[in-house]
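We have chain E; now place chains D, L, A, R and H onto it with these hints.
6 protein chains.
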Amino acid sequence: MDIQFPINNFFLTTPSNWTAELMAHTGFDSLTLDMQHGLIDLATAVSMLQAISTTNSIPLVRARWNSPPHLMQMLDAGARGIICPMIYSAQDTRDFVSACRYPPEGIRSFGPIRAQLYGGSDYFETANDSILKFAMIETKEAYENLEEVASVEGLTGIYVGPFDLSVSLGLKKKADFGSPELMNILKRVLEVATATGLKTGVYTIHPSDAQEMKAMGFDLVSCGDETSILKNGAANLLKALSE
Amino acid sequence: MDIQFPINNFFLTTPSNWTAELMAHTGFDSLTLDMQHGLIDLATAVSMLQAISTTNSIPLVRARWNSPPHLMQMLDAGARGIICPMIYSAQDTRDFVSACRYPPEGIRSFGPIRAQLYGGSDYFETANDSILKFAMIETKEAYENLEEVASVEGLTGIYVGPFDLSVSLGLKKKADFGSPELMNILKRVLEVATATGLKTGVYTIHPSDAQEMKAMGFDLVSCGDETSILKNGAANLLKALSE
Amino acid sequence: MDIQFPINNFFLTTPSNWTAELMAHTGFDSLTLDMQHGLIDLATAVSMLQAISTTNSIPLVRARWNSPPHLMQMLDAGARGIICPMIYSAQDTRDFVSACRYPPEGIRSFGPIRAQLYGGSDYFETANDSILKFAMIETKEAYENLEEVASVEGLTGIYVGPFDLSVSLGLKKKADFGSPELMNILKRVLEVATATGLKTGVYTIHPSDAQEMKAMGFDLVSCGDETSILKNGAANLLKALSE
Amino acid sequence: MDIQFPINNFFLTTPSNWTAELMAHTGFDSLTLDMQHGLIDLATAVSMLQAISTTNSIPLVRARWNSPPHLMQMLDAGARGIICPMIYSAQDTRDFVSACRYPPEGIRSFGPIRAQLYGGSDYFETANDSILKFAMIETKEAYENLEEVASVEGLTGIYVGPFDLSVSLGLKKKADFGSPELMNILKRVLEVATATGLKTGVYTIHPSDAQEMKAMGFDLVSCGDETSILKNGAANLLKALSE
Amino acid sequence: MDIQFPINNFFLTTPSNWTAELMAHTGFDSLTLDMQHGLIDLATAVSMLQAISTTNSIPLVRARWNSPPHLMQMLDAGARGIICPMIYSAQDTRDFVSACRYPPEGIRSFGPIRAQLYGGSDYFETANDSILKFAMIETKEAYENLEEVASVEGLTGIYVGPFDLSVSLGLKKKADFGSPELMNILKRVLEVATATGLKTGVYTIHPSDAQEMKAMGFDLVSCGDETSILKNGAANLLKALSE
Amino acid sequence: MDIQFPINNFFLTTPSNWTAELMAHTGFDSLTLDMQHGLIDLATAVSMLQAISTTNSIPLVRARWNSPPHLMQMLDAGARGIICPMIYSAQDTRDFVSACRYPPEGIRSFGPIRAQLYGGSDYFETANDSILKFAMIETKEAYENLEEVASVEGLTGIYVGPFDLSVSLGLKKKADFGSPELMNILKRVLEVATATGLKTGVYTIHPSDAQEMKAMGFDLVSCGDETSILKNGAANLLKALSE
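Residue numbers (our numbering), protein chains in the order written: chain E, 34 to 276; chain D, 34 to 276; chain L, 34 to 276; chain A, 34 to 276; chain R, 34 to 276; chain H, 34 to 276.
Bound conformation, chain E alone:
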């Protein structure tokens, strides 16, 4: 699987194989199961990964935590890449990358039960390289350690979580893409990533922010989730019905 960046990404926070299949058929380049905030259990995660695999959309996982058994389980389940939250340091990043790679590069345990259906018989040989490994920059510590994080061998890219990062840095508003503070942060991330040859990703809510991020050069731009589409859609509908 040779991935052509940039790609449009969408977050799935509804634990449902039906909504996953529905969204996979709309045309997003990749879909990300949000195992951190999405309340998605293991059984449903597997069925959602199957639902995505009925199309060519690339199945990613935003991990619940930087925890080896969880990361390995999501990879065994067939995730093509991981967006890992709660990275604070280069050591966290090395632990994350190590859990995603078989020895001697890492400590991943062998048993790619579902991954092998898609990765093929040479999965053991190719998975260490082909799996996307994005470290989330969403804490003050990670942002301060950005260069060290970015220099970790084996990492694919840096993914900015603007909500938690705004909170952690004490910015006035959460994820305010119009503010110079956040914009400067995003520029620095792009610069560091460019310097180290890494891919870049960012989470947005508003399509206009997503467009701007694509224009700025981010490779993997996520824009919202089903929950936000449903909330907005219902609000618009109710407003129309009350007119």
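These aren't lab readings, by the way, just hints derived from the structure by calculation. Mixed in with the good hints there might be a few duds.
Which copy? The list can't say, so a pair holds if one copy fits it or any two copies do.
[To be verified] Here are the simulated lysine-lysine pairs, PhoX-like style, with alpha carbons at most 25 Å apart:
1. Lys272 - Lys205
2. Lys247 - Lys220
3. Lys232 - Lys205
4. Lys173 - Lys264
5. Lys220 - Lys264
6. Lys247 - Lys232
7. Lys272 - Lys247
8. Lys272 - Lys206
9. Lys232 - Lys264
10. Lys220 - Lys206
11. Lys173 - Lys272
12. Lys272 - Lys232
13. Lys264 - Lys206
14. Lys220 - Lys205
Chains D, L, A, R and H only, in chain E's frame:
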């Protein structure tokens, strides 16, 4: 529970207690589990009815079929009303209404396991009257038998399914609210219902159609489901991202 | 499996393999999945039957309806017997028994996927006889047709549903075992069953009623379900805590 | 979807999206969810259909029963074809075919929620023709009415269920493909199907029987299910371990 | 949500949205999902929290472990408070409290998907304070470090787990509320909590113990779970039936 | 439960209570839920343990990770023994064993909700000893620390994971039982175990390897899983059908 008509209704076709709870919090007067086309199994239906009951939204069920065990099960599970598809005749309507009522009025078996949590200790005495019983008019036969259907004792209302009805009547387009044919049908339904003291309901997809139906006097107007909101929302988002 | 009557029976109305296993370990001779009023879906029914089979308790099913595909499915799933509701006539009884027996005696389709684990390799030869087939007497019509129902070849026994029967016959109170009306009904059922060599069963809520029914000679006496135990237990606990 | 016959078919009796996906990747031309004897509930059926759709294997359903709401639900869920059990007569066959077709040809209700993802925007126009509709010949009555069954307009093919048919006809052994009785039956089915332009299908357990059926000219040959593979595989393994 | 202490609490150990809803309707002030010993998975936990939210009972969670991703997930799922097991030290307590609070007070990640339905649009601003955070005293180490544990900023209260604490301290009997040893422990907990302005909680099995704990001044008194009610109820019933 | 070694073991990697029950009835002495690579969630794990307990087969769990809450949960759920992966050192082994034992020997928390159904009323007194505790030797570090690992008090046995161990040690082929390198490793494991009075276990794929391991003296020999049986069975079937 004293229901004040007219009410805004929304169909749930996603088998998910999460999306059900989310939609219940948006403010629809009532939500209808679509057991006919929504691929919702019994276990999920129960959890969806619970999710709706975390709010004041009225939980209804569009039945899978005019089948007594199914109708009784949905009522035992706590549905406050049934919209029953595939009604062809007055006899079908009588069978439907009978399955929703305890003897001597009907043949419903006693055991309101979850319904009693909401209906209270006098559920047996009050349920026959309080349960909403809407017969769907969606076949040529039912439309031809409209007066007979409407005259069935115990029926609460008539609910028009414009898609199947258009197909069954051989109309040129499905559910074309702008066409005189469909408009005449809707007017006749309203007239017959008014004459017999019945409530009226109708399914729409577009908010403008829903507005028009409310203006015409329909008491229970449904407008779309989560599937359509998600499809449209994703299409709009992808269009914005490609600009 | 040679069943020794009389047996203590208990109804399971909670769709849960955990509560099923818990109750199976308490010592009831048999447990009955209530597929009619218990909101139990197929997947959970199978796991509950497994849970019961971790003990020697006999797994029975109170059917959702007198419907051949449902009856056959419960038998394929491993039910050792069926208590069939909504029997009105001898013909209903013949249909019920026929669905529980392979040709030439009946119309059951062959494919006892889980039943064969317990029934063994000669299941096809023995199942027609060994499966318990109880027809519920819970409608006025069935009670009036009692002799005809009882004379149906292949039937194992008659099971009285006193709640629905009280409602259907218009008795003053539901399931009032202290009333002469209900007592006369129960006596007649015992007489007819004795005359035709059938077993007898009855549903009760109160242990004292169950004791009386055992004393009267009923072979399969059910007493309550988890829902009633939980409700009463919680009420007692809350009362104690408020003192 | 243009299907090229003959095709190798396999029955799925395990309610599991994992085993369904695993089998879909092994290379069978089509997989059939056994909703009759397989203990597969609706929610799992949907996830199994998704699992199959991660490959090019054609998803079929052996229906639970010749019941319109069930047939319509399986089609809405995305089954590309139905193998319908318990057909006794031409009228049964007409009912089966009618439930699989939209008006004016049939009575199917419109709402192809998941089917439309695969069938496309012209699903309504094409589904009546493209859906495979196989009537099972597995009762004495159906076999006697074979010509009438085969002549029903809209039917795709005849599918022989040799186990139930052997039982129903009182043959000495069940599904004994080496016996002249069964072989004559199979030949007659092929002749009648050829005369009426119908496809033919048959269920087998042993690969050698399947080979023979393909050689005889059957278009859709099923051979076993996961349950039989697992049983045989475990028995062989345990035998090897005890040597 | 302004909580008035003291409150009657009940533990849910059965993974079932039905039993959760049933118990919520009986009148307990709060219900606690036992994620540690209750075998409750994430999907069922969410549906149980929904079931509780159909009433005014306060949904709490006894955490599986003092692990940040688990604690954050339960809060995102809508728990109004956490009872955290396996606390050994003040540092453990600080970690627990930190995982329950957004920066700058803690390290909780932002994404309160279900919590926001109940917490409202200002959830981010209010959640740090409003979430109940009870540290369990159930190990020898925690009991020895009681003052340090109690002095951790942000902690709501101390909750005694008498079973594990008895085992850890090597008491003669487990949770023997009549023994001077346990009574002295409970008194010291109350004293330390009073001195530091903390709330107090305790787990009991017998109503008489619960009454005594309420009388002593405990604010959150738990008494048993569904498992114990079902076991006792079944034992009583079987005893009555055998008399 | 007194376990007689040697025993034939089989791994369950399919999250399904049906396949678990099916395999339990085939005759394996013990079955191991693979919680590490098998994609089995908690709810399904419980139902699989129930399925196994319908027979006398011993239910074991290969843990997801050497993590106390996970180990305790699997034991509460009724596992009779744990095979623990990712052991690197004696300290890891002590942590593993400690999580499996109640104080004062370990740190296990008391609440054996399902385990007590099988362990009986004296479960607390007997569980520390009766639970099987196998440490996996599957990393270079663990192999180098073999004597120290084996000397940990309370450990039941050593279990070799030849795939990960081959990878970790950099052997030319994975799990090549014919190679002198792996054979020497296995011999050393047997020697160390014999010297310390430990049991020994090993995972194999091919029956011939399993036979050899039994002959060499391994006490708990695992051979394959359902996934491998299904893959091989389907491949053989498709090959036969194409001939």
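Checklist entry - From the Cα coordinates, with 25 Å as the cut-off, is the pair Lys264 and Lys206 best called within, between, both, or neither? => result The answer is within: 22 Å in one copy meets 25 Å, while 31 Å across copies does not.
Next on the checklist: Checking an output row: Lys272 and Lys205, CA cutoff 25 Å. Within, between, both or neither?
Outcome noted: neither (31 Å within a copy, 31 Å between copies)
Next on the checklist: Please sort Lys247 with Lys232 into within, between, both or neither, judging by C-alpha distance up to 25 Å.
Outcome noted: Intra 13 Å, inter 51 Å, cutoff 25 Å: intra-copy only.
Item to check | Status of Lys264 relative to Lys232 across identical chains (alpha carbons, at most 25 Å) | outcome: neither (32 Å within a copy, 30 Å between copies)
Item to check | Up to 25 Å CA-CA - Lys205 versus Lys232, copy category | outcome: Neither: 28 Å inside a chain and 34 Å across chains, both beyond 25 Å.
Checklist entry - Checking Lys272 and Lys232: alpha-carbon separation at most 25 Å within a copy, between copies, both or neither? => result between (41 Å within a copy, 24 Å between copies)
Checklist entry - 25 Å Cα cut-off: does Lys247 pair with Lys220 within a copy, between copies, both or neither? => result within (13 Å within a copy, 52 Å between copies)
Item to check | 25 Å Cα threshold - placement of Lys206 relative to Lys272 | outcome: Cα proximity of Lys272 and Lys206: none, with 27 Å in one copy and 28 Å across.
Checklist entry - Using 25 Å as the alpha-carbon threshold, which applies to Lys220 and Lys264: within, between, both, or neither? => result For Lys220 and Lys264, the Cα distance exceeds 25 Å both inside one copy (31 Å) and across copies (33 Å).
Checklist entry - How would you label the pair Lys272, Lys247 (within, between, both, or neither) given a Cα cut-off of 25 Å? => result between (32 Å within a copy, 14 Å between copies)
Checklist entry - Are the CA atoms of Lys173 and Lys264 at most 25 Å apart within a copy, between copies, both, or neither? => result neither (31 Å within a copy, 37 Å between copies)
Checklist entry - Under a CA distance limit of 25 Å, which applies to Lys173 and Lys272: within one copy, between copies, both, or neither? => result Answer is neither; intra-copy 40 Å and inter-copy 34 Å both fail.
Comparing the model with each numbered hint stated earlier shows that hints 1, 3, 4, 5, 8, 9 and 11 do not hold.
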